[in-house]
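Q: Residue numbers (numbering that gives the first Met the number 0), protein chains in the order written: chain A, 0 to 527; chain B, 0 to 320; chain C, 0 to 275.
The set of hints was computed from the structure by calculation and includes no laboratory data.
The reader is advised that the hints may include incorrect statements.
Below, simulated EDC-like cross-link-like pairs (lysine to aspartate or glutamate); rule was C-alpha separation at most 16 angstroms, straight line [as the list claims (entries may be wrong)]: (1) B:Lys-9 to B:Asp-307; (2) A:Lys-167 to A:Asp-201; (3) B:Lys-90 to A:Asp-201; (4) A:Lys-72 to A:Asp-201; (5) B:Lys-90 to A:Asp-199; (6) A:Lys-72 to A:Glu-198; (7) C:Lys-234 to A:Asp-249; (8) C:Lys-234 to A:Asp-272; (9) C:Lys-234 to A:Asp-247.
Simulated DEER-style distance windows between Cβ atoms [to be verified]: (10) A:Ala-299 to C:Ala-157: 41 to 47 angstroms; (11) C:Leu-249 to B:Phe-79: 46 to 52 angstroms; (12) B:Gly-179 to A:Ala-297: 35 to 41 angstroms; (13) B:Asp-64 to A:Ser-445: 36 to 42 angstroms; (14) B:Ser-224 to C:Lys-172: 45 to 51 angstroms; (15) A:Ala-460 to C:Pro-49: 55 to 61 angstroms.
Even glycine gets a Cβ: it sits at the ideal position worked out from N, Cα and C.
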Amino acid sequence: MSKAFKKAVSAALFLALCAGLCACNNGQSGETSQTVPGPDASITDASENGDAVYGGDAVVGITQEPSSFDPHKAVAAGDKELIFNIYEGLYKFDSTGTLNPCLATDCTISDDSTVYTFTIREGVTFHNGDTLDADDVVYSLKRAAGLLDSQDGTALVAELDCIKDVEKNDAGQVVVTLESGNSELLSYFTTGIIPDGYEDCDSQPVGTGPFKFASYTIGENVMLVKNEDYWQTGLPYLDSVTFKICADMDSGLLELQNGSIDIFPYLDSIRADQLDPSQFTIESNGSNMVQIFALNNAVAPLDDVRVREAINLAINRQDIIQVTMGGAGVELTTAMSPAMGSYYDSSLDGTYTQDIEAAKALLEEAGYPDGFSLTVTVPSNYLVHVNTAVELASELSAVGIDLEIEQVDWATWLETVYTNREYESTVICLTSDYAPYDVLQRYASSSSDNFINYSNSEVDALLAEIPTLADDSAKTEAYHEILNIMVEDSASCYIQDPTTLTAVSTRLTGYSVYPMYVQDMSQVKLAE
Amino acid sequence: MSLNAKQNLKYAGLKLIELIATLFVVSFLTFAAFSIIPGDTAQIILGPNATPAQLDRLRAELGIDQPLPVRYITWVAGAFTGNLGNSTSFKVPVIDLIAQRLPVTLGMSILALVMVIVVSYPLSVFSARRPGHLGDTVCSILGHVLFAVPPFVLSLLLIVLCSGVLHIFTMGKYAPPEKGFGNYIASLALPAFAIALPKIAMTFKFMRSAIIEQNASEYVKTERSHGLSEARILLRHVLPNSNVSSITIITLVLSDILGGSLIVEQVFNLPGLGRLLLTAIDRRDFPLLSGMIFYLALITVILYFASDILSSLSDPRIRIK
Amino acid sequence: MQSKASSFRAKTFFITGAVLLGIVVLAFVMSLVCSPYDPNATSAKEILLPPSAQHVFGTDNFGRDVFSRILDASKYTIFISIAGVAIALLLGVVTGLPAGYFGGFPDRCIMLFNNSIMCFPGILLALVAVAVFGPSMFNVVWALGLVFAPTFARVCRAGAMELKTRDFIMHAKVMRVKPLRIMYSHILPNLMPQLLPATVIGLANMTLFESGMSYLGLGVQPPDASFGKMLADCKAYVLTAPWLVIFPSLMLIIYILGLYFMSEGIRVSYSGRSDS
Chain A
0 MSKAFKKAVS AALFLALCAG LCACNNGQSG ETSQTVPGPD ASITDASENG DAVYGGDAVV
60 GITQEPSSFD PHKAVAAGDK ELIFNIYEGL YKFDSTGTLN PCLATDCTIS DDSTVYTFTI
120 REGVTFHNGD TLDADDVVYS LKRAAGLLDS QDGTALVAEL DCIKDVEKND AGQVVVTLES
180 GNSELLSYFT TGIIPDGYED CDSQPVGTGP FKFASYTIGE NVMLVKNEDY WQTGLPYLDS
240 VTFKICADMD SGLLELQNGS IDIFPYLDSI RADQLDPSQF TIESNGSNMV QIFALNNAVA
300 PLDDVRVREA INLAINRQDI IQVTMGGAGV ELTTAMSPAM GSYYDSSLDG TYTQDIEAAK
360 ALLEEAGYPD GFSLTVTVPS NYLVHVNTAV ELASELSAVG IDLEIEQVDW ATWLETVYTN
420 REYESTVICL TSDYAPYDVL QRYASSSSDN FINYSNSEVD ALLAEIPTLA DDSAKTEAYH
480 EILNIMVEDS ASCYIQDPTT LTAVSTRLTG YSVYPMYVQD MSQVKLAE
Chain B
0 MSLNAKQNLK YAGLKLIELI ATLFVVSFLT FAAFSIIPGD TAQIILGPNA TPAQLDRLRA
60 ELGIDQPLPV RYITWVAGAF TGNLGNSTSF KVPVIDLIAQ RLPVTLGMSI LALVMVIVVS
120 YPLSVFSARR PGHLGDTVCS ILGHVLFAVP PFVLSLLLIV LCSGVLHIFT MGKYAPPEKG
180 FGNYIASLAL PAFAIALPKI AMTFKFMRSA IIEQNASEYV KTERSHGLSE ARILLRHVLP
240 NSNVSSITII TLVLSDILGG SLIVEQVFNL PGLGRLLLTA IDRRDFPLLS GMIFYLALIT
300 VILYFASDIL SSLSDPRIRI K
Chain C
0 MQSKASSFRA KTFFITGAVL LGIVVLAFVM SLVCSPYDPN ATSAKEILLP PSAQHVFGTD
60 NFGRDVFSRI LDASKYTIFI SIAGVAIALL LGVVTGLPAG YFGGFPDRCI MLFNNSIMCF
120 PGILLALVAV AVFGPSMFNV VWALGLVFAP TFARVCRAGA MELKTRDFIM HAKVMRVKPL
180 RIMYSHILPN LMPQLLPATV IGLANMTLFE SGMSYLGLGV QPPDASFGKM LADCKAYVLT
240 APWLVIFPSL MLIIYILGLY FMSEGIRVSY SGRSDS
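Okay, chain A solo, but in the shape it has when bound (with noise of 0.2 angstroms):
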């Protein structure tokens, strides 16, 4: 793959892909992001589980073929579930979507949140051998930035493109220094943490984390194996841990049922109902994503803000939600999930209840009586996005939009339509780690992530103000504002947030469901 194409690629952080995520309790919120714990937080209670059992195997499957394992440069949202068990950064999120310090035991922000420093966590070994310091820290940290002198000053991680300098100061300690004050950031440091000029990230991983990287077989598995070293006594629980590659969420299924694979979190509510409940407990929550039908904001004739409108009128998004999920998903209105908690304004609901009569007024008004023929181009390999333009063509014919479908590979897909933005619509699930800034600043009008070509001054002019704000309420009235801006606007058609199930095989315990997109394997075990 070329540099441009990477490039390109990096920009896409985030975006992941709705056939599977794990969940969220709805409850929490993006607060966590403002949490500092002390030094003494830890990440698990290993001890309550004294008397667990240790050793054993688990297989889980995946619908895609890793296409990285560096931790600053894998994109795809099926790369970084996979790689959370291998790379550890100087802070992590637990089940609860809580921010915990990890390699770092604290940090500290400047008032002005325009300097982090964190305090490296001492007697944590890589699997390589090598003892981490604040070395180690730096150069990630630089290397995730651009910052190092053999890169062009591109951030592998986008997020971190806000980063002047990383140094170590004379305690020990690593001192992020920013561009400009964003008290936003601290979730970023969440990226992997890899030896001092270490390279091969790619080939051979080294991180920190609770599972070595054992092998790669292409088009078949990875398998990791325990972490004798880990930094965590107690954990992990398991001997090894394999990723098994499966054609699509259909065969995952079907191994599910064999035994040959024992964990698969990508089901919808149809297919995991095939399954014996005395084989396989359903995990379930809320997922925090956003399944878009995006329209392109720059072609005609959608950009013209009625015949968004009329297309939002014109769907129905129960019924969608019926048919590409079993009815397991929360209806959306706006860019943000209700899993956002008080960010999300629930006042905007119902905004668009399906109205045909009200479309076809609106479309005629803008100069469209009979329709128009409209292509919906959508990534082959995700089922739910298939069959979700399926529906929508089938919805949209009434008001006389001839919806065609057009299929593409996910690398076209990434490149045709996100970077270039060469499309009229798409369909797609856009994931964030759990920050609502993360969630809205694709939609300032010179992001790069802003594939829907959405430009509103008054949104950009708030979302430049956002990381400047100290005051909590202040930044969830801004986001408010944000949202119902964009209603105004219809700045696009949100569908749902999917409820992706997790199948977890009655023999192991200990598997829990994250509100991002991660399998962590270090606290499964097997059942007694």
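Assemble chains B and C onto chain A, guided by the hints.
A: Chains B and C only, in chain A's frame:
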């Protein structure tokens, strides 16, 4: 040198020339399909934002700044020495990827071929002994019907039956040969059967009529009247004489099996060449695609060549034609 | 007596084939004039209903009427197989006839090219063509047409080689009839006994390939129906909604089987005629 040996040699020589010419065309077609049609590979890889300098550097790196004939010769030389360059999507040598998947596809194909021979031969002998009686009629009708079932439909039905209802087969549980040969065969048995069944029907149909034809011939009638045992007539005369057609059929069947396994693998979720092919198609990985296609065609070319030579050995008349 | 028995055989094959084909052709006609539902209209309230009076073949995971979709799929299947075979036949006749008639170097070249194409497992070639040019029904048709062309070229070439030594052709040659005319008005009609069964078998094989490609997602594109695509879409429901597997597979088998029987009937009846 006897006249016969001379003829043999001449025939083999002619066939060899044909083989080389075919290989040339096959390699050229493969090369052309992926080097000329898709346009500028460097542009495809780098995307529309690439600078001319970047494009030039990549073209030099890939060797596509050379004139076409040079590129073709480099490619063919690479193909025969197992050096097809790196896959663009996996960044490992194409040949390694193919070698890794070969045990699945090859194992399944050979297993299917064995099934075809083991089942269709005795069945056609049995059927041809008394054409028109009940057993023959049942076999023939069954043969016609099975012939018409696409392998992937058969696979679906077999999965429902063996995996869903009977629970005697674990789908997607491929056991590599180094982890025990028995398990390897067991993991491939059902997909191989799905590919073999329509081909069993086809081979049965051809062999049955070949044997009936032989049975009706004068020399077999004469031998019967001389009181030779049926088994002796069958083994020493009928089967050898229908050998020509059986070699041809088996060759045809094998190339069909190779093609069919590409789809069936996908239904059974097996990590073979079929899956690799689809991944390569999905990712527009042209070095990988051209390598796989060339080798699959190479296998077929060699098969046809071997079948021609074998047929001529078992029936000298062919050489004269 | 031989010919009487074979004419009975031919008739049986022919009639069975015609009846089976009739079912699919009827479905094709119905898809044009009286489909009970819009085949692509989804209905979230009627998902996965078993067969009933309302929906005789049940509904699928979108609540679409399976019967209407089968009618629609018949339309595409028949269209693709006929269009594909037409292309293959045209190419085969255009290259095969002159090759066999003139012989010599051009013949060797054309046959070398043909044989080389036949060395690629057919489905592979079609898959690659679709891969390079993108999946669509149109691409499937011409890709399959190309893949099947050498088969027809072979039949034409062999026939032309045999017929050109016959008296009536020699006669025409002496009369200075132009070669093009000889080939197309004298040789071609006499190749029917070989070409007709090959065409019908070609339709069956074309359908086998097309359904396989649609199953892999490289053939007919959603929301349009094809037997292969319908089967690919129902993978998750094979145990809970068997009607989604049964009806498309059955129609697919009926169509292919009908064509096989038909070609067998034609073949036997021609060989019976030449026997007597």
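Q: Between the beta carbons of Asp-64 (chain B) and Ser-445 (chain A), is the distance compatible with 36 to 42 angstroms?
A: Once the Cβ atoms are compared, 38 angstroms apart, the range 36 to 42 angstroms for Ser-445 (chain A) and Asp-64 (chain B) holds.
Q: Given the proposed pairing of Lys-90 (chain B) with Asp-199 (chain A), does the C-alpha separation stay at or below 16 angstroms?
A: holds (14 angstroms)
Q: With the threshold set at 16 angstroms, check whether the alpha-carbon distance from Lys-72 (chain A) to Glu-198 (chain A) stays at or below it.
A: The given pair, whose Cα atoms are some 12 angstroms apart, holds under the 16 angstroms limit.
Q: Taking the beta carbons of Ser-224 (chain B) and Lys-172 (chain C), is their distance inside 45 to 51 angstroms?
A: holds (49 angstroms)
Q: Check whether the Cα positions of Lys-234 (chain C) and Asp-272 (chain A) lie no farther apart than 16 angstroms.
A: It holds: about 15 angstroms lies between the C-alpha atoms, which stays within 16 angstroms.
Q: Would the pair Lys-9 (chain B) and Asp-307 (chain B) pass a check requiring their Cα atoms to be no farther apart than 16 angstroms?
A: Judged against 16 angstroms, a Cα distance of about 13 angstroms means the pair holds.
Q: I want to verify a distance hint. Is the separation of the beta carbons of Ala-460 (chain A) and Pro-49 (chain C) within 55 to 61 angstroms?
A: For Ala-460 (chain A) and Pro-49 (chain C) the Cβ distance comes to about 57 angstroms; the hint holds.
Q: Sort out whether Asp-247 (chain A) lies within 16 angstroms of Lys-234 (chain C), counting only the CA atoms.
A: holds (10 angstroms)
Q: Take the C-beta atom of Ala-299 (chain A) and the C-beta atom of Ala-157 (chain C), compute their distance, and say whether it sits inside 41 to 47 angstroms.
A: Roughly 58 angstroms apart at Cβ, these two residues miss the hinted range, so it is violated.
Q: So does Gly-179 (chain B) sit 35 to 41 angstroms from Ala-297 (chain A), Cβ to Cβ?
A: violated (59 angstroms)
Q: If you draw a straight line from the CA of Lys-234 (chain C) to the CA of Asp-249 (chain A), is it 16 angstroms or shorter?
A: holds (6 angstroms)
Q: Are the Cα atoms of Lys-167 (chain A) and Asp-201 (chain A) separated by 16 angstroms or less?
A: This hinted pair is violated, its Cα atoms lying about 27 angstroms apart.
This entry does not satisfy hints 2, 10 and 12, going by the numbered hints stated previously.
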